[in-house]
Structure formats: structure tokens, C-alpha cells
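Student: Now for the letters of each chain:
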Amino acid sequence: MAEVLQLPAWPPLVLFSVLLVLKMGAVAFVTANARRKSTVVVNPEDVMVNPGTHVEGAEAASTMRAKRAHVNDAENIPAFLVLALLFTLAGASAAAGWAYFGIYFVARTLHTIFYLNAVQPWRTAAFAVGQLTQLGIIVQLVLGLL
Amino acid sequence: MAEVLQLPAWPPLVLFSVLLVLKMGAVAFVTANARRKSTVVVNPEDVMVNPGTHVEGAEAASTMRAKRAHVNDAENIPAFLVLALLFTLAGASAAAGWAYFGIYFVARTLHTIFYLNAVQPWRTAAFAVGQLTQLGIIVQLVLGLL
Amino acid sequence: MAEVLQLPAWPPLVLFSVLLVLKMGAVAFVTANARRKSTVVVNPEDVMVNPGTHVEGAEAASTMRAKRAHVNDAENIPAFLVLALLFTLAGASAAAGWAYFGIYFVARTLHTIFYLNAVQPWRTAAFAVGQLTQLGIIVQLVLGLL
Numbered sequence: 296m297a298e299v300l301q302l303p304a305w306p307p308l309v310l311f312s313v314l315l316v317l318k319m320g321a322v323a324f325v326t327a328n329a330r331r332k333s334t335v336v337v338n339p340e341d342v343m344v345n346p347g348t349h350v351e352g353a354e355a356a357s358t359m360r361a362k363r364a365h366v367n368d369a370e371n372i373p374a375f376l377v378l379a380l381l382f383t384l385a386g387a388s389a390a391a392g393w394a395y396f397g398i399y400f401v402a403r404t405l406h407t408i409f410y411l412n413a414v415q416p417w418r419t420a421a422f423a424v425g426q427l428t429q430l431g432i433i434v435q436l437v438l439g440l441l
Numbered sequence: 296m297a298e299v300l301q302l303p304a305w306p307p308l309v310l311f312s313v314l315l316v317l318k319m320g321a322v323a324f325v326t327a328n329a330r331r332k333s334t335v336v337v338n339p340e341d342v343m344v345n346p347g348t349h350v351e352g353a354e355a356a357s358t359m360r361a362k363r364a365h366v367n368d369a370e371n372i373p374a375f376l377v378l379a380l381l382f383t384l385a386g387a388s389a390a391a392g393w394a395y396f397g398i399y400f401v402a403r404t405l406h407t408i409f410y411l412n413a414v415q416p417w418r419t420a421a422f423a424v425g426q427l428t429q430l431g432i433i434v435q436l437v438l439g440l441l
Numbered sequence: 296m297a298e299v300l301q302l303p304a305w306p307p308l309v310l311f312s313v314l315l316v317l318k319m320g321a322v323a324f325v326t327a328n329a330r331r332k333s334t335v336v337v338n339p340e341d342v343m344v345n346p347g348t349h350v351e352g353a354e355a356a357s358t359m360r361a362k363r364a365h366v367n368d369a370e371n372i373p374a375f376l377v378l379a380l381l382f383t384l385a386g387a388s389a390a391a392g393w394a395y396f397g398i399y400f401v402a403r404t405l406h407t408i409f410y411l412n413a414v415q416p417w418r419t420a421a422f423a424v425g426q427l428t429q430l431g432i433i434v435q436l437v438l439g440l441l
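Chains as they are written, first to last, in this note's numbering: chain A, 296 to 441; chain B, 296 to 441; chain C, 296 to 441.
Since the hints were made in silico from the structure, they are not lab data. Watch out, some of these pointers could steer you wrong.
When chains are identical, the list treats them as one kind, so a pair holds in a single copy or across two.
Straight-line alpha carbon distances no greater than 20 Å define the calculated DMTMM-like cross-link-like pairs of lysine to aspartate or glutamate that follow [stated by the list, open to error]: (1) Lys332 <-> Glu351; (2) Lys362 <-> Glu351; (3) Lys362 <-> Asp341; (4) Lys332 <-> Glu298; (5) Lys332 <-> Glu354; (6) Lys318 <-> Glu340; (7) Lys318 <-> Glu298.
Model the full assembly from the supplied sequences, consistent with the hints where possible.
Tutor: Next comes the structure, spelled out in C-alpha cells:
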């Protein structure tokens, strides 16, 4: 099915799907780095791979903040990737693909930056932009069924 | 590839994928609302966007309950959406699409309602129906490989 | 679109997508079993479906370990399933599908086994192999856009 490569929105779909997954991975890296710097781990065996750390019953506040940003990604990005793929398969235009997927990627990246740096109300605003972008795709998908 | 629109199970796939994502978003909204009503936030900067709240080390019990329902969604729904798409691309019938995707959506919606309202054993029963529905799709996908 | 069945990487995509989802479900089962054996639940209504348990403010350490393994799956596997599907739709070879998807499945299964049994640095090594496999798919997807 090389004809999938002819789908107008295929290039932005692949590009921004990849960037969103890499962005999620970056938050995981930030979490691991915060854990190392906090010197607190919850898995006793992790002391071995994080020399200088010790075990406590809960992660440090800095680690938990990064973790919350990551969990928010896990709650939102995978489902968005599926909707973006459905939208592309349904024949979305290249312009719609670049606009919807690009705006969502920027909004989610800003959400992460604002979360890690405790910036409100901008974190909530960035989250809202991402959700509104997804809502736009949802409306177009449903209209396509009529 | 407008021919994807000719896939027999495309309409139920799009409809129930959208409804499942919206249902997940609704749980996020319930969580945010429980947080506001509990007056407890864990991110200090969130006091600004939730006037009248104060910071504690952990979310209120009501917030954590909604959060657990949301996490259960994040653990299950995105993977189901991918399997449902594979099943549709493999040529599932319209009847199979409406039945499998519709039952899963109803089961997951009931799971959320039962979780938020602490109703057992119905929450476990609704979870089991969703998992069995997914197992049906898995069996058909694997049989399709033979 | 029965022609999707002609995609070279379709058989390994379906097989390993199914196995990864079943593996995630197995971790959920391990978590539920750890909860039952720990006799500690956090939802008061769960005492009914887990006779002999009682309510505490936090799960037992054994339950939380299984839960962390499950959350790590939820943070990584759904996004991988989408990338694997994009890679397949773009015309990946059967050999690439069997290699990438198979290695990822083995790496994630070992990650879970090592997490549940507190085996380091092998858990981190298994995680890294999974991420590198995903990175290989990402590189091929992006090269396909050029």
C-alpha cells in the first residue's frame, strides 16, 4: 500500500506523530534526571543505576512534577495520534494536516515547558489549545460520516 | 485514499473512537472539577487558576478517585483504539464494527460511572465486559492471519 | 480494503500489537493479584470484590511496584503501536516488521519481568533496547518522507 504515501496529510502526520513521541520521551528523560538530582528513588534496586541516591517512600517533589507532566502526555497524546491517523486516512487535506497536527504539537510542547516551570495560567491555556485542536479534528471526522 | 471510507466498519470505528476520546476528556473534566471543589491542589501555581484552593502534599480523596478512573482509561482505551483500527483495516464487517466498538464504548462508560460512584461489583463487571470485547477483536485479528 | 492484508509487514504488526496489548493486560492482572494478596485496597467498595482486604490510604509496596510497571507500559506501548502501524502502512518490508516489532515485544516483556522482580541494571537495559528499536522505526519513517 505505497498509495498511503499519496495521502495529502501523510507527511505532517508522520512528522508530528514522531515529534510528539519524541517529546514524550524527552519528558521521561527529564523525570529520570530530576530523580537522579533529587537523590531519591522508590525502587530499592534503582540505587545501583543512580549512584548516590537513597530510597524513600515517595519521589521528590521535583521528580513528581516531571512525572505529572508525563502522565498528562500519556493521557492525551496516544489517543490524539489515533484520531490524527483516522483523519489522514479519511483524506484530510495537506493544509489541514499541517495546521491541526502542527498546532497540537506546539501546544503540547508549550504545555510541558509550562508544567516543568510551574507557569500558570499559560499551562492551562496551552492544554486548552491542544484540546480545541483535537475537537476540530473530531468535528471534521464526524462530518465526514454524514 | 478515499477508499478507506468504503471500509464496512469505518463509520462505527470513527464514531466510537471519537466517543471514547470524548469520554476520556469528560473524566479529566470531572477530575478538575473534583479538585476545584476539594480546594486542594498539589501544584502551587494552580492556586491561581483555582481561586480559593490551597496546596497540600496529596490530592483530596475525591480528586484521586476521579484520577484513578482516568488512569484506568489511559491504560486501556488508546491500545483498544489501535486494535479497532487494525480490525477495520483488515476488512471487518459493519455488523462486527457496530457490535464490538459499541459494546466496548458502553462498557467503558459504565466502568467510569461505576468508578466515580463507588459501585461494586458492577465496576469490575463493566471492566470485564470491555476486556472480553477486546479479546473478541484479538481472536478475529489473529484468525485473519491464518 | 482487503489490500491492507497484502502489506508485507501486516502479519508481524497484527501479531505483536496483539501480544503487546495482552502483555499489558497481564501486568494489570499481576497488579490486581498483588492487591488481593497484600489485603490492602484504596477504594472502600473494593473490599467487597476482594474478601479479606481492608482499606488504607495507599496501596501496598508490592501493588505499587506492579502498578509502576503498568504505568510504564501505558506511557510507551500505545504510542509505539501507532508508529508501528504508520511504518507498516508506509510499506515496511516483512523482515523489518518481524525484526523491529519482535525485538520491541521481547524488550518490553523483559522490562516487565525485570521490573516485577527488581532486577537492575537489566530493567534499564531492556527499556533502552525498546526505545532504540522505536528510534529505528522513527528514523525509517522520517527517511520515507524525504
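Student: Taking the hints in turn, state whether each one holds.
Tutor: Tested hints:
1. Lys332 <-> Glu351: within (14 Å within a copy, 23 Å between copies)
2. Lys362 <-> Glu351: Intra 16 Å, inter 17 Å, cutoff 20 Å: intra and inter.
3. Lys362 <-> Asp341: both (17 Å within a copy, 16 Å between copies)
4. Lys332 <-> Glu298: So Lys332 and Glu298 fail the 20 Å test inside a copy (49 Å) and across (52 Å) alike.
5. Lys332 <-> Glu354: Answer is within; shortest intra-copy Cα gap is 11 Å, inter-copy 25 Å.
6. Lys318 <-> Glu340: neither (27 Å within a copy, 23 Å between copies)
7. Lys318 <-> Glu298: Neither: 29 Å inside a chain and 33 Å across chains, both beyond 20 Å.
Violation of the numbered hints given earlier is confined to hints 4, 6 and 7; the remaining hints are satisfied by the structure.
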